[in-house]
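Colleague: Sequence:
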Amino acid sequence: MSDLHPAAATGFASGAETYARGRPDYPGALGAWLRDTLRLGPGRRAADLGAGTGKFTRLIAATGAEVTAIEPVDAMRDRLAASVPGVTALAGSAEAMPLPDASLDALVCAQAFHWFSTPEALAEIRRVLKVGGRFGLVWNVRDDATPWVGELTAIMNAHEGDAPRYHTGAWRRLFPAEGFGPLHEDAFPHGHTGTPEQVILDRTLSVSFIAALPETERARVAHDVRTLIARTPDLDGRSEVTFPYRTHVYWCERKV
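First residue of the sequence shown? That's 1 in UniProt numbering, and the numbers climb one at a time after it.
Heads up, some of the hints might be wrong.
[What the hints assert, rightly or not] If you anchor each label on the Cβ, the simulated ranges turn out as follows:
#1 R220 with T168: 36 to 42 Å
#2 T118 with N157: 32 to 38 Å
#3 V256 with H223: 19 to 25 Å
#4 E151 with A75: 27 to 33 Å
#5 G64 with A96: 36 to 42 Å
#6 G161 with A75: 33 to 39 Å
#7 A32 with F175: 21 to 27 Å
#8 E217 with A75: 17 to 23 Å
#9 A230 with A123: 45 to 51 Å
#10 V256 with A170: 22 to 28 Å
#11 V256 with R172: 19 to 25 Å
If you're looking for bench data, these hints aren't it; they were derived computationally from the structure.
Think of the CB as a built atom: it goes at the ideal place given N, C-alpha and C, for glycine as much as any other residue.
Could you build the full structure based on these sequences and the hints that come with them?
Modeller: Spelled out as structure tokens, the structure:
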């Protein structure tokens, strides 16, 4: 974004391919949420803000809505443009989107709003939404109740520094927000199934502040994750595992 945190600027630029491999998609229930709650479909216009490599952009496009993806990191935006046909991918920031006033029926931030949860960003989101347009937030959240997931989270958190995170809840301080109705929320069970290398190791290395680490430190993190896999009976020697998540969704409506 305009003042992109160094962990995002460096980590996402260097780790776009790992991000695309290691990050989970989203539960099928979010297709209905986009259609029924955010009211998207043919003839409607939506934006995916902080769209990354386009994992959530695909889900929005599947509603039949006209979709614009806004992503400030060139490597991520290039990956999106190559893999999600029919979507306009633009450079832009949360505080300065290249979109006309009141041009959108919905705007969604998936895995991104914690990076730019500021009054300035909310004012810009309000500007591009029509009155009655809906603003959606989505996060896939690791289920730390599973013991090995909790251990993996501890490995990650040791390196987070001052990087904004969903789990701190700092983004919630903006709500209730001027010009928007109340914030509604829901959650859906989810899982990412694949090889341990993909859904655990690549997932860890795709975290922005880990991707931004010097190579020797990143290699140490990879070693720690492989050690965790090797000493966990539910993971060791498995060709396929499921990483448990819960997908948290939020939305509010532009009122004035």
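Colleague: Next step is simple, just say for each hint if it's right about the structure.
Modeller: Against the structure, the hints:
At about 25 Å, the CB distance of R220 to T168 disagrees with the hint of 36 to 42 Å. The supplied range of 32 to 38 Å is broken by T118 and N157, whose beta-carbon atoms lie about 24 Å from each other. The supplied range of 19 to 25 Å is broken by V256 and H223, whose beta-carbon atoms lie about 54 Å from each other. For the pair E151 and A75, the supplied restraint of 27 to 33 Å holds, since their beta-carbon distance comes to about 30 Å.
The hinted window of 36 to 42 Å between G64 and A96 is violated, with their beta carbons roughly 28 Å apart. At about 22 Å, the beta-carbon gap between G161 and A75 misses the expected band of 33 to 39 Å. Evaluation of the 21 to 27 Å hint for A32 and F175 yields a pass: the beta carbon distance comes to about 24 Å. The beta-carbon spacing between E217 and A75, approximately 21 Å, falls within the hinted interval of 17 to 23 Å.
Between A230 and A123 the beta carbons are some 49 Å apart, a value that agrees with the proposed interval 45 to 51 Å. Evaluation of the 22 to 28 Å hint for V256 and A170 yields a pass: the beta carbon distance comes to about 26 Å. One distance hint, 19 to 25 Å for the beta-carbon pair V256 and R172, holds here, with the actual separation near 22 Å.
Comparing the model with each numbered hint stated earlier shows that hints 1, 2, 3, 5 and 6 do not hold.
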